[in-house]
Amino acid sequence: QKEVEQDPGPLSVPEGAIVSLNCTYSNSAFQYFMWYRQYSRKGPELLMYTYSSGNKEDGRFTAQVDKSSKYISLFIRDSQPSDSATYLCAMSAILGGSQGNLIFGKGTKLSVKP
Amino acid sequence: DAGVTQSPTHLIKTRGQQVTLRCSPKSGHDTVSWYQQALGQGPQFIFQYYEEEERQRGNFPDRFSGHQFPNYSSELNVNALLLGDSALYLCASSPSGYSYEQYFGPGTRLTVT
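In the order they appear, the protein sequences are chains A and B.
With the numbering used here as the guide, the letters of the first sequence map in order to residues 1 to 114.
With the numbering used here as the guide, the letters of the second sequence map in order to residues 1001 to 1113.
Rather than coming from a laboratory, the hints here were simulated on the basis of the structure.
Do not take every clue at face value.
[Unchecked claim] Below, computed lysine-lysine pairings styled on DSS-like, alpha-carbon distance capped at 30 Å:
1. A/Lys56 / A/Lys42
2. B/Lys1026 / A/Lys42
3. A/Lys56 / B/Lys1013
Predicted model only: the values in this text are computed from it and were never measured.
Build the full structure now, drawing on both the sequences and the hints.
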């Protein structure tokens, strides 16, 4: 079992739809949870990060973490064609008092159709 | 703010050769991490540098080595290239103690033939 599982999609939605992207993980030591957006042939762009459980909102994006279920989600409201990209979840644990390296999911490819 | 920069953008090498990739971190960041991203996969952690020393290392062979300079810029070296080393190599920088807040560069696409 991989440490982080993410459905690679592809996921296709109409413009204006609410998009739900998810990851599951197996390592209970993960404390930080990140979402990155990666356009084709570009580096990943940090969208949001969350510490431990709970919700975090930033504009049209909402990140949720449920540590009891080892499940994280990213919701995109009022999706736009410009949101078409690959979305990567990433996680890290605290090692010896400092944050560890990032463990990524495979990424979900999202396409928002006009 | 220029953000994280990497050079070169693309590189084509032959099996057995050696390659050096370069990274300049975002202004104010002193920690640099390197990742390998194969096509259709998420980035995989290679190693992290802080204060010119390798602080953490992922599951990569010794053919992969690095260096960090006093100005926080970094190099990734790969020796004895294999076909399987073909990938997008990403550099990410973060402030010390905030490794969860990593900002990535555009990457160097390495093709080994």
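Results of checking the hints against the structure:
1. A/Lys56 / A/Lys42: Between A/Lys56 and A/Lys42 the Cα gap is close to 26 Å, so the pair holds against 30 Å.
2. B/Lys1026 / A/Lys42: holds, 17 Å
3. A/Lys56 / B/Lys1013: violated, 44 Å
Violated hints amount to a single one, hint 3; each of the other numbered hints is respected by the structure.
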